[in-house]
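J.: Place chain B on chain A using the hints.
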Amino acid sequence: MNKMPVFIKISEYKQIVEVMDIIKAKIIKAKNLIDNVNELKRKEDSLVDKWRQDLVEVEQRIEEIDRAMFEPETE
Amino acid sequence: MQDKELFYVGIESPIDFRRNILESSKKILTTLQLYEEIKKLRVEKYSNVVQIKKIVDELRILMDNLNKSFPQTVIRPSKKAPRLVQVPKTEEQKPKAQQISEPKKIIKAGPIRDTDELKKLEDDLKEIETKLSTFKI
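From first to last, the protein sequence lines stand for chains A and B.
Sequential numbering of the first sequence, starting at 0, is according to numbering that gives the first Met the number 0.
Sequential numbering of the second sequence, starting at 0, is according to numbering that gives the first Met the number 0.
No wet-lab data here; the hints were simulated from the structure.
We treat Cβ as the ideally placed atom computed from N, Cα and C, and that holds for glycine.
Hints may be right or wrong, so weigh each one.
Going by beta-carbon spacing under 8 angstroms, a handful of chain A positions derived as facing chain B [what the hints assert, rightly or not]:
#1 K23
#2 N35
#3 M68
Isolated chain A (complex conformation) (with noise of 0.2 angstroms):
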């Protein structure tokens, strides 16, 4: 019974039709700015990773030089 197809009367069919046009382009619109926000978000992500091992690196050398300044040469 569901499957009966119903038909409508609508009066104002033209502006409907422009109305759904206006709907599909702006959803595409969305779509594309989504797409971009995740880009971003994995850009974002990149440069974070990129952050934490460069400052990882200044660590290791931190420590290089703690070791040189704490394993001195005596005298």
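T.: Here is chain B on its own, set in the frame of chain A:
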């Protein structure tokens, strides 16, 4: 008065030592540059999110207008055989046979409370879910 004892610390590899200090300083500076890049990305991301929000708000208004353009009745599939009605030809419409189901119930929208944005969205959602639940599957 006791003289202060002076200690001298020997650095085994002074060149490496100096290089480590300079490389660390350089790395710190590049880290700060990275921060600026991340900040720029976040500004761009936020700008995109604001645009998306604006579009979704516009979509909401458009959908409301679209909803109002259609008859505000609940159409239920009838158990009887459908009545066929010939629609007269117009310039915009092609002639089609229409099946009309008798509307049995008109759902009146409940009062929407004046609350903050999130609460208002929840109320609108509940209203739409109520309308949807009237369709028998």
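J.: For each hint, tell me whether it holds in the structure or not.
T.: A quick look at each hint next to the structure:
Taken as an interface hint, K23 of chain A does not check out: its beta carbon lies about 10 angstroms from the nearest beta carbon of chain B, beyond 8 angstroms. At its closest, the beta carbon of N35 of chain A sits 5 angstroms from a beta carbon of chain B; the interface hint therefore holds under the 8 angstroms criterion. For M68 of chain A, the shortest C-beta to C-beta distance to chain B is roughly 7 angstroms, which falls under 8 angstroms, so the interface hint holds.
When held up to the earlier numbered hints, the structure conflicts with hint 1 and nothing else.
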